[in-house]
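Engineer: I would like the entire structure built from these sequences, with the hints used as guidance.
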Amino acid sequence: MNRWFGLRCILAVALLAVMAAPRTAANAEDVTLTVWSHEADEDAKVAFRELAARNLEKAHPGVTVKITWFEKNPLLAALKTALPAGQGPDVLYVEPDWTEYVEAGYLEPLDNLVNWNNIEPWARQVWMHNGKTYGIPQEAYTNEIYYNKDLLKKLGVELPANAQFTQAQFLDLVKKARAAGITPIAQGVGDRPFPGAYIVGEALLRKLGKDDYRKLWTGKLSFEDPRVVEVFKWVKELVDAGAYPKNFMTLKLGESHYYFYTRPLALMLPMGSWYTGRAFVPEDKGGQPKDFPLGIMQFPAMDGGACNQCKTSAIGASFAINAASKHKELAAQFLDAMSTPEMGKMWIETIYLQTGIKADVKQFSGPHAAYFTELMERQKGTDYFIGGPRDLVQGQCKDSFAQVTNSAFPGGLLPVDQAVKMMNAACYKG
Amino acid sequence: MLQGIGSRGRREIDARRAAPATLTLFLAPALLLYAGFTIYPVIRTFYNSVQTIGPQGQQHFVGFANFSALLQTDFVFWKAVGNTALFTIVATIADVFGGLLLALVLFARAPLAPLLRIVWFTPVLMSYVVVGIIWVWIYDYDWGLANQVLRAIGLGAFEQSWLGDPHTALWSVMATHVWKWLGFNMIIFLAALYALPGEVLGAAELDNCGWAAKLVYIIIPMLRPTVVNLLVLSFIGKMMVFDLIWIMTGGGPLWSTETVSTYVYKRAFDWNTFDLGYPSAVAVLWFIIILAFIVLMTRLLRQHDRLEF
Numbered sequence: 083m084n085r086w087f088g089l090r091c092i093l094a095v096a097l098l099a100v101m102a103a104p105r106t107a108a109n110a111e112d113v114t115l116t117v118w119s120h121e122a123d124e125d126a127k128v129a130f131r132e133l134a135a136r137n138l139e140k141a142h143p144g145v146t147v148k149i150t151w152f153e154k155n156p157l158l159a160a161l162k163t164a165l166p167a168g169q170g171p172d173v174l175y176v177e178p179d180w181t182e183y184v185e186a187g188y189l190e191p192l193d194n195l196v197n198w199n200n201i202e203p204w205a206r207q208v209w210m211h212n213g214k215t216y217g218i219p220q221e222a223y224t225n226e227i228y229y230n231k232d233l234l235k236k237l238g239v240e241l242p243a244n245a246q247f248t249q250a251q252f253l254d255l256v257k258k259a260r261a262a263g264i265t266p267i268a269q270g271v272g273d274r275p276f277p278g279a280y281i282v283g284e285a286l287l288r289k290l291g292k293d294d295y296r297k298l299w300t301g302k303l304s305f306e307d308p309r310v311v312e313v314f315k316w317v318k319e320l321v322d323a324g325a326y327p328k329n330f331m332t333l334k335l336g337e338s339h340y341y342f343y344t345r346p347l348a349l350m351l352p353m354g355s356w357y358t359g360r361a362f363v364p365e366d367k368g369g370q371p372k373d374f375p376l377g378i379m380q381f382p383a384m385d386g387g388a389c390n391q392c393k394t395s396a397i398g399a400s401f402a403i404n405a406a407s408k409h410k411e412l413a414a415q416f417l418d419a420m421s422t423p424e425m426g427k428m429w430i431e432t433i434y435l436q437t438g439i440k441a442d443v444k445q446f447s448g449p450h451a452a453y454f455t456e457l458m459e460r461q462k463g464t465d466y467f468i469g470g471p472r473d474l475v476q477g478q479c480k481d482s483f484a485q486v487t488n489s490a491f492p493g494g495l496l497p498v499d500q501a502v503k504m505m506n507a508a509c510y511k512g
Numbered sequence: 071m072l073q074g075i076g077s078r079g080r081r082e083i084d085a086r087r088a089a090p091a092t093l094t095l096f097l098a099p100a101l102l103l104y105a106g107f108t109i110y111p112v113i114r115t116f117y118n119s120v121q122t123i124g125p126q127g128q129q130h131f132v133g134f135a136n137f138s139a140l141l142q143t144d145f146v147f148w149k150a151v152g153n154t155a156l157f158t159i160v161a162t163i164a165d166v167f168g169g170l171l172l173a174l175v176l177f178a179r180a181p182l183a184p185l186l187r188i189v190w191f192t193p194v195l196m197s198y199v200v201v202g203i204i205w206v207w208i209y210d211y212d213w214g215l216a217n218q219v220l221r222a223i224g225l226g227a228f229e230q231s232w233l234g235d236p237h238t239a240l241w242s243v244m245a246t247h248v249w250k251w252l253g254f255n256m257i258i259f260l261a262a263l264y265a266l267p268g269e270v271l272g273a274a275e276l277d278n279c280g281w282a283a284k285l286v287y288i289i290i291p292m293l294r295p296t297v298v299n300l301l302v303l304s305f306i307g308k309m310m311v312f313d314l315i316w317i318m319t320g321g322g323p324l325w326s327t328e329t330v331s332t333y334v335y336k337r338a339f340d341w342n343t344f345d346l347g348y349p350s351a352v353a354v355l356w357f358i359i360i361l362a363f364i365v366l367m368t369r370l371l372r373q374h375d376r377l378e379f
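Protein chains in written order, with my numbering: chain A, 83 to 512; chain B, 71 to 379.
Keep in mind that the hints are not guaranteed to be accurate.
Stated by the list, open to error - Taking lysine to any residue pairs in the SDA-like style, the calculated list, with each CA pair at most 20 Å apart, reads:
{"id": "1", "chain 1": "A", "residue 1": "K328", "chain 2": "B", "residue 2": "T238"}
{"id": "2", "chain 1": "A", "residue 1": "K154", "chain 2": "B", "residue 2": "F312"}
{"id": "3", "chain 1": "A", "residue 1": "K162", "chain 2": "B", "residue 2": "G127"}
{"id": "4", "chain 1": "A", "residue 1": "K328", "chain 2": "B", "residue 2": "V219"}
{"id": "5", "chain 1": "B", "residue 1": "K336", "chain 2": "A", "residue 2": "Q476"}
{"id": "6", "chain 1": "A", "residue 1": "K462", "chain 2": "A", "residue 2": "F446"}
{"id": "7", "chain 1": "A", "residue 1": "K410", "chain 2": "A", "residue 2": "K154"}
{"id": "8", "chain 1": "A", "residue 1": "K367", "chain 2": "A", "residue 2": "K410"}
{"id": "9", "chain 1": "A", "residue 1": "K334", "chain 2": "B", "residue 2": "I204"}
{"id": "10", "chain 1": "A", "residue 1": "K462", "chain 2": "A", "residue 2": "A451"}
{"id": "11", "chain 1": "A", "residue 1": "K334", "chain 2": "B", "residue 2": "I317"}
{"id": "12", "chain 1": "B", "residue 1": "K284", "chain 2": "B", "residue 2": "P295"}
{"id": "13", "chain 1": "A", "residue 1": "K162", "chain 2": "B", "residue 2": "I123"}
{"id": "14", "chain 1": "A", "residue 1": "K140", "chain 2": "A", "residue 2": "P423"}
{"id": "15", "chain 1": "A", "residue 1": "K257", "chain 2": "A", "residue 2": "D385"}
{"id": "16", "chain 1": "A", "residue 1": "K408", "chain 2": "A", "residue 2": "Q169"}
{"id": "17", "chain 1": "A", "residue 1": "K334", "chain 2": "B", "residue 2": "W207"}
{"id": "18", "chain 1": "A", "residue 1": "K154", "chain 2": "A", "residue 2": "D473"}
{"id": "19", "chain 1": "A", "residue 1": "K334", "chain 2": "B", "residue 2": "W213"}
{"id": "20", "chain 1": "A", "residue 1": "K302", "chain 2": "A", "residue 2": "M428"}
{"id": "21", "chain 1": "A", "residue 1": "K297", "chain 2": "A", "residue 2": "Y510"}
{"id": "22", "chain 1": "A", "residue 1": "K231", "chain 2": "A", "residue 2": "A451"}
{"id": "23", "chain 1": "A", "residue 1": "K328", "chain 2": "B", "residue 2": "L215"}
{"id": "24", "chain 1": "B", "residue 1": "K149", "chain 2": "B", "residue 2": "L355"}
{"id": "25", "chain 1": "A", "residue 1": "K297", "chain 2": "A", "residue 2": "Q391"}
{"id": "26", "chain 1": "A", "residue 1": "K334", "chain 2": "B", "residue 2": "I123"}
{"id": "27", "chain 1": "A", "residue 1": "K503", "chain 2": "B", "residue 2": "I317"}
{"id": "28", "chain 1": "B", "residue 1": "K149", "chain 2": "A", "residue 2": "Q478"}
{"id": "29", "chain 1": "B", "residue 1": "K336", "chain 2": "A", "residue 2": "N155"}
{"id": "30", "chain 1": "A", "residue 1": "K334", "chain 2": "B", "residue 2": "Q230"}
For the record, the hints were derived by calculation from the structure and aren't laboratory data.
Structural biologist: Rendered as structure tokens:
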């Protein structure tokens with residue numbers, strides 16, 4: 083009896099397995115396109131991409147676009163394990179500094195797959211590696227200093243006509259704000275490896291000019307260069323003058339927005355122009371108050387700066403096709419569906435942010451039209467450096483950028499010479 | 071021995087013994103899962119540790135180069151080792167002996183003991199994510215409870231950026247960790263205390279033995295196996311600490327809370343590379359160190375004279 087018991091169990095399990103097997107033949111023509119996207123917490127972007135998905139589904143009956151929404155770190159962890167295993171989605175969210183995906187061959191070249199007529203050439207350029215294009219640039223942004231117009235007025239300071247203070251004036255402004263009990267810069271690095279480096283990064287760009295700035299972050303210019311040291315000394319003066327909040331090290335990105343425009347209020351918030359993603363949502367969802375006196379100023383001009391009209395412009399959210407995808411054509415059509423001029427217009431009008439999609443928007447309407455007009459005003463005469471430091475650094479240098487330039491140095495934990503030495507040791511290749 | 075059982079007894083034993091096919095059927099799922107999710111990853115990690123994995127998964131055998139770089143030039147690794155060692159030693163001692171203390175308070179039927187038991191055990195039920203977020207708020211410089219309390223009691227001079235200062239960050243995370251796990255150890259000790267033979271404790275009371283003497287000469291010696299087990303388990307857990315650190319500080323500021331586990335994760339997933347060789351070398355080295363410490367601890371704490379009661 084026992085002898086047969088095992089055999090009967092095996093047969094029973096096999097029978098159950100057969101009964102539970104999915105019936106694949108019935109819906110063989112149906113295709114599900116899988117998309118993994120970051121920015122789950124930004125409603126306007128979620129709506130934008132979901133609309134593109136629904137549009138594609140309408141145009142292709144039988145196609146289902148399934149977008150899985152992630153926060154950035156879980157997305158990175160998922161991609162880093164799924165792609166090497168030959169798995170992963172058909173379409174994936176990517177950013178230009180994720181170069182390892184290109185180098186590893188996990189992204190499909192898009193040159194002959196998507197419609198490039200709808201994409202700004204300069205934005206496409208960001209995604210070009212060895213003559214091939216690997217990503218559709220969706221989000222573009224510039225680094226700006228957002229400020230509270232009322233607080234600036236309260237301090238008795240007037241913004242220069244070109245909206246750019248000198249470095250001495252900026253230091254003076256920080257001191258005045260601190261003396262008046264106002265936090266000068268509502269910045270925090272609690273959950274991001276870059277916000278603390280806005281001031282020092284933009285100051286270095288203006289001081290060094292575009293070429294030397296690129297050399298600095300690619301290990302071809304020493305951090306001990308006197309111009310770099312000068313910038314670090316100026317930033318140290320800002321830090322010592324109390325530029326940043328006391329909870330700088332733990333203040334998270336979302337909290338820094340709230341700190342700036344709601345409580346306890348701060349004079350300035352240096353940020354990519356994707357500031358709007360968090361600020362221009364209803365107040366009960368953490369957005370800025372309706373009557374908030376928002377202004378935009380340029381980063382300060384450096385004494386003897388090689389390019390004081392320079393500014394960082396970068397591509398953020400982009401999408402790529404998994405090289406292992408079985409639905410590359412369809413995936414390309416989804417990328418196209420997100421990149422039509424109409425969608426570009428929608429991006430600007432609902433997300434209030436620049437884009438790499440060609441969109442014919444000359445006049446802005448809606449509740450934030452004045453903001454967008456001012457943002458465009460700040461772009462006049464600008465010489466753009468495309469890409470931020472994090473797009474250029476790798477490995478130990480990237481980690482040191484996060485720990486030193488982004489965090490410990492602006493957090494007041496390091497003197498200039500030590501910060502310079504640590505960055506040089508990690509980044510300078512001699 | 072079996073000869074004495076007789077043929078009827080032997081038949082009964084045989085009847086209870088499952089056929090090989092049955093055994094295989096029932097063991098196979100667990101063994102497959104174990105092999106797939108434990109044995110294979112371990113073997114693969116050892117294999118990867120002597121490779122450099124390039125684009126497209128190309129592997130190059132590099133021998134012990136990863137280990138050599140790790141031991142000779144990687145200052146972050148050594149910083150992480152130091153932090154992990156400090157965290158492990160201090161938090162283990164605080165966890166285990168703190169838990170014992172709380173258990174003794176409850177065992178002695180302190181006022182409000184049932185309520186205290188719930189309060190002290192509740193943190194154990196909370197996930198690291200929740201605990202981490204709560205404590206990041208508690209430690210916030212401006213609006214955090216820790217500094218608010220200090221200000222309220224006139225000790226404003228001691229307010230700190232608890233997680234933002236390299237001198238206090240690791241200790242702050244440690245305090246959170248201890249807060250979370252004290253209750254667990256307390257419950258284990260409490261169960262062990264209630265399992266102690268009443269006649270021994272009763273005899274001690276008849277001999278007019280005071281509380282302190284009873285604790286030192288009777289209770290703690292009899293709890294020794296529990297203490298040893300908790301020490302070893304706690305030690306292993308803390309050598310691999312990741313979640314809380316990752317949520318609260320991400321290893322910063324200035325690597326002051328970097329642990330070996332957070333460093334492995336960073337090297338594997340945060341360095342613009344798919345090379346799992348180097349992080350695997352870190353993991354292998356750490357595995358060997360943990361194993362050595364466990365063997366050492368078990369030998370040192372092994373009880374030679376078995377208690378009899």
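Engineer: Tell me, which hint numbers fail for this structure?
Structural biologist: Structure breaks hints 7, 8, 20, 26, 27.
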